[in-house]
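Peer 1: Add chain H to chain U, keeping to what the hints say.
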Amino acid sequence: MGGRQILREEARFGWLSLSPALGFFGLFVGFPIVYAFYLSFHEWNMMSPEPTWVGLDNYAALLRDETFIRSLVQTAVFTVGITGCLVVFSLATALLLDQKLKQIRLYRTIYYLPAVTSVVAVGIVWLWIFDPQYGLLNQVLRGLGVAGPRWLADTRLALGCLVVTAAWRNVGYFATIFLAGLQGIDTMYYEAARIDGAGAWGCFRRITWPLLRPTTLFVVVMSVILSFQVFALVYVMTGGGPDGATSVVVFYLYQQAFTYFRMGYAAAIGYVLFGAIFVLTLLQFRFFGRHLEV
Amino acid sequence: MSRRPAGLTLLLHALLAGGAVLMLAPYVWMVSSSFKPSAEIYSATIQLIPRHPIVDNYRTAVHREPVVRAILNSLVVASAETLAVVVTSVFTAYPFARLRFRGRDAVFLMVLGTMMIPAQVTMIPTFILMRWLGWIDTYQGLIVPRIMTPLGIFLMRQFLLTLPRELEEAARIDGCGRLRTLVQVLVPHLGPAMATLAIFTFTASWNEFFWPLIVVQSSEMRTIQLLIAALKQAEAVEWGVVMAVVTLSVFPTVVIYLALQRYFVKGIVMSGLRG
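Chains as they are written, first to last, in this note's numbering: chain U, 805 to 1098; chain H, 63 to 337.
Just chain U, with the same shape it has in the complex (with noise of 0.2 angstroms):
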């Protein structure tokens, strides 16, 4: 066989070996993307045989929409929390878990246990520990001589409550990304400071915080992508209360289309919701990106 038949010969082989993926995305990604946008301009309660166009209307009456626009606003609240929570407590973490020490096997084995468990499951257990009455939390706190708040009835802490838990769940999974990042930072660089008289912080803020800053955009990417899109914990946990406290984008998006079946108004909250995670993740990269040049 000649080169350029070997090279024909891949080509017809490797997309006959793509074709039922190209068809896979085609149907389950191409397809609902394109019929998402079409919906988003329709009403449509999927009773009526055909979708009613109804153009920007859909769009316009969610700038309209305060139970939107605020659940919107807690969305973002959520995502602020938890992304300023994972960076400092998984950085903490993964600093701990980069000792040398014993038993540090054990104790990474620990930390990670939580994000192989389902949101499910952590939700329903938080739930049952932030119990006013009978929870381990306010137990704990009579355990102390003090009166513990409602929690997750409290519409002032019923964020926060969801915030802890959230972090709780993650905190693993970004500190074994961050100890990755710090394993992969080269030793020579710390002896080279110490030989100059650099202290635990000089090094930590000299060395380990500017050369970890593709991993830190990794895991605030990440995180922010994941929080946007919170919904089992919210579920499970709140039902989008108290009064409407804890309702974030996605929850919004579920009830509309599947509690009072307003498909074109729940495509158009998709769309708004892939929008916002579009332009945020744009951001991040230019902000961090213009860090990572110096």
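Check the hints yourself; a few may be wrong.
Said to hold, decoys possible - Not the full set, but computed from the structure, chain U residues with beta-carbon under 8 angstroms of chain H:
| hint | residue |
| --- | --- |
| 1 | S821 |
| 2 | P824 |
| 3 | T897 |
| 4 | Y911 |
| 5 | Y915 |
| 6 | Y916 |
| 7 | V923 |
| 8 | I928 |
| 9 | I933 |
| 10 | Q937 |
| 11 | Q943 |
| 12 | G947 |
| 13 | V1040 |
| 14 | L1057 |
| 15 | M1067 |
| 16 | L1077 |
Treat the hints as calculated values from the structure; they're not laboratory data.
Treat the numbers as computed from the prediction; the structure is a model and nothing was measured.
Built from N, CA and C at the ideal position, the CB exists for glycine as well.
Peer 2: What follows is chain H alone, placed relative to chain U:
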């Protein structure tokens, strides 16, 4: 690092152990509640270990609630998905990693790009598609939309790129076709990679909530995660029974994780950092 003062080592241990207690306490509380009679569940004093442990909550869970059926449903769905994802990922990653042809990289970027799209955008049309196919409330409906994942293809490609070219060249010279070369020469080297992907996929599928919530309607088709959520929606939540079901649901993934944790870590590092 060997010159660390003893005081610092002690501090490190104290911090790590404190964190470990925070990580483990919810599990202890979960398991302990599942063995408590209701008098102890609804008592206002801290009782970490049940004073009179009972298995009634588990008995109630199994006899009154469709726990066994829900676990079987989850097993069927997670196993089918895992098998499918491993096979489709190997076959789709192969041309991306080992063949050269025009358009290859553009298609690969498109496949990766689908990871950017939130599942909630595609969910409504996918639901409508399932309804049109008559797949609502069926195993096909639960499984088929998830038999291929960009992450799986990406992971497999990363592993395939590390294998030397000579491996398949020898087979080619002996007149082996592409398919046979892939299956008989490359796949045997992918054991650890396939294990990593399989464990990842199984755990993710077992823990999945959003898609089953939408596609399942009858109580017989509920996965274990859906059953837990349904128990919590009940008028009066029986925490002992709920904690028993949650403990049962968590058990398989925890056992898999403890037995095979090095694959989990490998998977995270691969998916996270070698972009």
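Peer 1: Determine for every hint whether it applies to the structure shown.
Peer 2: Hint check:
no. : hint  : verdict
1   : S821  : 5 angstroms, holds
2   : P824  : 7 angstroms, holds
3   : T897  : 7 angstroms, holds
4   : Y911  : 5 angstroms, holds
5   : Y915  : 6 angstroms, holds
6   : Y916  : 7 angstroms, holds
7   : V923  : 6 angstroms, holds
8   : I928  : 5 angstroms, holds
9   : I933  : 6 angstroms, holds
10  : Q937  : 7 angstroms, holds
11  : Q943  : 4 angstroms, holds
12  : G947  : 6 angstroms, holds
13  : V1040 : 6 angstroms, holds
14  : L1057 : 6 angstroms, holds
15  : M1067 : 6 angstroms, holds
16  : L1077 : 6 angstroms, holds
Going down the numbered hints, you'll see the structure goes against none, and every one checks out.
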